[in-house]
Amino acid sequence: MSVEAREKRQPWILLSPALVAVTLLLLVPLLFIVVYSFWLRSAVGPDIQGFHPDNWQRALTDPFYRYILLNTLKIAAITTFFCALLGYPAAYFITRSSGNKLILLLLLMLPFWISYIIRTMSWINILGSSGALNTLLISTGVTSSPIQMLYNEATVILGLVHFLLPFMVLNIYVSLDGIDTNLEDAATSLGATRWQAFSQVTLPLSLPGLAAGGLLCFVLGAGTYITPLILGGPRDAMFANLVFEAIITQLNWPMGSALSLLLLLVLGALVAIYNRFLGMSQLTKGLG
Amino acid sequence: MGWAAIRAYTILVYLFMFLPVVVVVLLSFNQNQFGSFPMTGVSLRWFEALWNNDAVMRAFRTSLVLGLLTALISTTLGVLASLALVRYTMRGKNLITTILIAPILVPEVVLAVALLLFLNWLGIGKSFALLLAGHVIFTLPFVILVVQARLVSIRRDVEEAALSLGASPIQTFFSVTLPLLMPAVAAGALFAFTISFDDITGTLFWKPGGVETVPTQIFSMLRNSISPEINALGTVMIVITVGLPLLGAAIARQISIKRGI
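Keeping their order, the protein sequence lines are chains C and A.
If you're matching positions, the first sequence starts at 1207 in the numbering used here and goes up one per residue.
If you're matching positions, the second sequence starts at 86 in the numbering used here and goes up one per residue.
Keep in mind that the hints were calculated from the coordinates and are not lab data.
C-beta atoms are modelled at their ideal positions from N, C-alpha and C, and glycine is treated no differently.
Some chain A residues near chain C, calculated using beta-carbon distances under 8 angstroms:
hint, residue
1, 109
2, 165
3, 279
Work the whole structure out from these sequences, hints included.
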């Protein structure tokens, strides 16, 4: 074999284990559940193979599923909004602060390393009936018995914001950090107020970061079922909870396949729209 | 909005991020029998209770073995793929990159369902093997992103020098490339271990009955009620997943100082 041919084959040898893994453990399984979603669950024995549109019909027309889907999108949207509201000023502060930038950023990365389930359940210590807040309220005499603050939609959103905020801040930070501060100075020297310089120069330039952070928060938020299980009440199920119910509790795998594909399609459509307008490079920048 | 206001706002955001976690750590040292406020004193009783809790210790061993195996496999696959992506030009590189990071573009629930159903159909039901396969595929993109970022900064001319001085490609890899790669390999492995150690979304789908990892163990303990033991377990987890990377970073610093880089 010539040196050139060997040079050409080398990258493929290096790539093949990873590519085989992703193909066998993700791409083929995804195709498989497309097929599986057209099977039918039988009360006894194995699922009935064939082409039955029943699951899809139910997934798309059942008002309960539709309600949960819309509610999930609503919760994800509110979560994303609050992440942006809390995250933008914080990211701005980190970018423009002098000196201790690295420490601030490191602190912000810390939650990434703290377990998701610990951070979620930590709110029970704060808001639970014997939690910090109720203890404070009782000891100061504001209330005589604990107030029920947990297990509703608001606490689900709170938990999600707490979980997803670092993703938002990091993406905005990456975007803000790439903006030349001279631009803002130039605007002010040309007569703009500081607010005008920010809102007409810096803010528009940082929108790609905001959008990338927003997409991550939305997609990760809309795909979760753990937060509603820990911080939500029985009525606060999200769409991924339906998937979990179908697969693990009811063992209705064909229906579970259809539901998870529906979730993938809805969120995939969002990612595709994002990709069409902004491209994927901003996203991987924030992750890397 | 003045600078002082932004600073105050940012401090509040940081408090929001860290206060709940601080409370977990505080309460884990609480002497109070119910593990709630007000704290009555400092004690290690909940850590002792953990140590004597067989279910928790079993979960720990499972998570540890799973995390280490995941890190080993995922890092091997990830480093090889990253080398190819950084060092070579080839057709369809963008497509390949997209395929390789696809596992984090797909919602984890969907990945969990697809893998469970497909491997089950192949005859691999809920088992440790399924769990391992799931963790490997889920951590692989993170490893690739982290390792790729590190690889870009390693210069190629050192390897070319070794080759031109008569070293074989294999010799060059083991005595030049690999030592230079070590920080990237370590970062990737640490990342894979931590993500695997933390994972619950996929794990709840893949784990066989009776087998628990630390997060699923915490999850099932939460179903009963929040006991101080959970806070203690949380503290241990924080020490492992935060302390380990910090330790790793410190060691890496020491090594690079010694080498004079």
